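Let chain A serve as the given structure and place chain B on it in line with the hints.
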Amino acid sequence: MISVRGLSARRGRDVVLQDVDLDVLPGEIHGLAGPNGAGKTTLLRCLLGTLPFTGTIRLALGPLDAIGYVPQALAFDASLPLSVADFFSLSVSRKPVFRRRSRAASARIGSALGETGASSLINRRLSELSGGELRRVLLAQALVPEPRLLVLDEPASHVDEDGSRAIETLLLRLSRERGVTVLLVEHDRALLGRVCTRVTYLNRRIVAADEAVAERAS
Amino acid sequence: MDAVFEAFAGWARAGILPAVFVHPFMVRGLLGALLLGPLFGGIGTVVVARRLSFFVQAIGNAAMTGTALGLLLGEPPGSTWAGVYGFCLASALLVTFVKHRGRIPSDTVTGIFLAQTLGLGVLMVALVSKRFDIHQVEGALFGSLLTLRDADLLVLLVTTVVAAAAGAFLYNEFLLASLSPELAAARGKRPIVLEYLFVTLATAVVVAGLKLVGALLVLVMIVVPAAAAQNAARNLRQFFFASIALSTLAAVGGLLLSGYLPVPTGGAIALVSTALFYLTLAFARKHPEASR
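Residue numbers (this note's numbering), protein chains in the order written: chain A, 1 to 218; chain B, 1001 to 1292.
This is chain A alone, in the form it adopts within the complex (with noise of 0.2 Å):
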């Protein structure tokens, strides 16, 4: 699904990736873990291709497949008058956020807010969420249109150990039932241990696969 050879990137003069290769398969739950400033978050932004990079990244997705992606943070200001709703309206229609939205459309949205119990929150001003409740708020955007490829950047920092559990089921019913290929950023080994196919460390360079990961998952 993914196919990364020979990936650096520079920060400025600061080398935060050097020589990086990674192979996430079709179906599997990739894990990339790592201490902070490992790049971590840098691989996924050559990724998504906001940042230049040299070497070569291949993603093997059709013309319709999506991306879902949940960021770390989003940059706003408390001030900005952002509901949920908004957000997803944002995230994934077309139609001009300052125009009323449809019925059907909060409908849409109201059930993608479901799938990580968030429904309660749609009216809510983003603003105003605590860490846990931005999280499932990002995860339940990430999830429509369905994707092929699901990204996520420590999807559980800030999150109590209910919602983390919440997060891993969640992560493992795409997986199995819907085929969905997952590339998971997390500090949490244990997470990571419970939920992954195989885990990749990255410290700048690659410095090890987890194999043994792959054989407790199957």
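None of these hints come from the bench; they were simulated from the model. Treat the numbers as computed from the prediction; the structure is a model and nothing was measured. Honestly, I wouldn't trust all of these hints.
In silico DMTMM-like cross-links for lysine to aspartate or glutamate, where the CA-CA straight-line distance does not exceed 25 Å [said to hold, decoys possible]:
1) A:95 - A:77
2) B:1189 - A:162
3) A:95 - B:1150
Covered stretches of chain A, as calculated for chain B (at least 3 residues, CB under 8 Å) [said to hold, decoys possible]:
4) 21 to 35
5) 61 to 70
6) 75 to 88
Note that beta-carbon positions come from the ideal geometry of N, C-alpha and C, so glycine has one too.
Frame of chain A, contents of chain B only:
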């Protein structure tokens, strides 16, 4: 246009409109304000959401330098379009380029560019003042009803139509790319292209409004109504329309004020606009959490 002026003068004489509308310059001003209000109010929501207020101020200041540059290059006074559009657009694109190339925070890049533009502007105004009436540059700084011509209204109309079309197709994308460029990229958008597009559009809008509000006060018309709308709105739809309503109210209110009192239009609009901001503070919701 003469038929329009005549119609307005008729309504003014009949007492339907205030008596000042017997003057064609007031009618031009009103038409300008009615175009400028929605244009600035609408784009202001994206400027505020993308945190580009300082950038807009810098573009306004660049226009002063552009005006002086146009005069020096031989453009007729009052129509220094090539100088203003050329200099502002080149500056805006250069700032955006430098912002993406280095790791300097965007406000710092804008500040450095502002200092450079102002320095250049002061030099040029000094040169220009030896050859031209300094009021030409003053008009660009503070805005003036008296110098507004039919051609300026046409520029404003065309800019409004272009901005409305861009808003209809790209409003969501402009906002999404500012919330998270990666998320926009995952949705198949190109955040960097969107940034350059928005910067170009914002520059065109700022320049189109200069004649009426002036370079120094263009920020007031774009940012203050949007900031006031944030106080009252609960979602982006309310934010957008409240910003347009407040901006239009400020433009028309300021125009009427400057029609009755001998004050520059830009200053009057700024005062009405900020007064509206304080009024909306009464609606302001409390935000328990800081920016995330």
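Structure-based check of all given hints:
Pair hint residue 95 of chain A plus residue 77 of chain A holds up; C-alpha atoms about 23 Å apart against a cutoff of 25 Å. Proximity of residue 1189 of chain B to residue 162 of chain A is assessed by CA-CA distance (about 34 Å); at most 25 Å being required, the pair is judged violated. Taken as a hint, the residue 95 of chain A and residue 1150 of chain B pair is broken in the structure, with Cα atoms around 34 Å apart against an allowance of 25 Å. Evaluation of the coverage hint for the segment 21 to 35 of chain A: breached, as 0 residues show C-beta separations to chain B shorter than 8 Å, against a requirement of three.
Counting residues of the segment 61 to 70 of chain A whose beta carbon lies closer than 8 Å to any beta carbon of chain B gives 3, which meets the minimum of three for the stated coverage. Given as covered by chain B, the segment 75 to 88 of chain A passes the check, having 12 residues with a CB less than 8 Å from a CB of that chain where 3 are the minimum.
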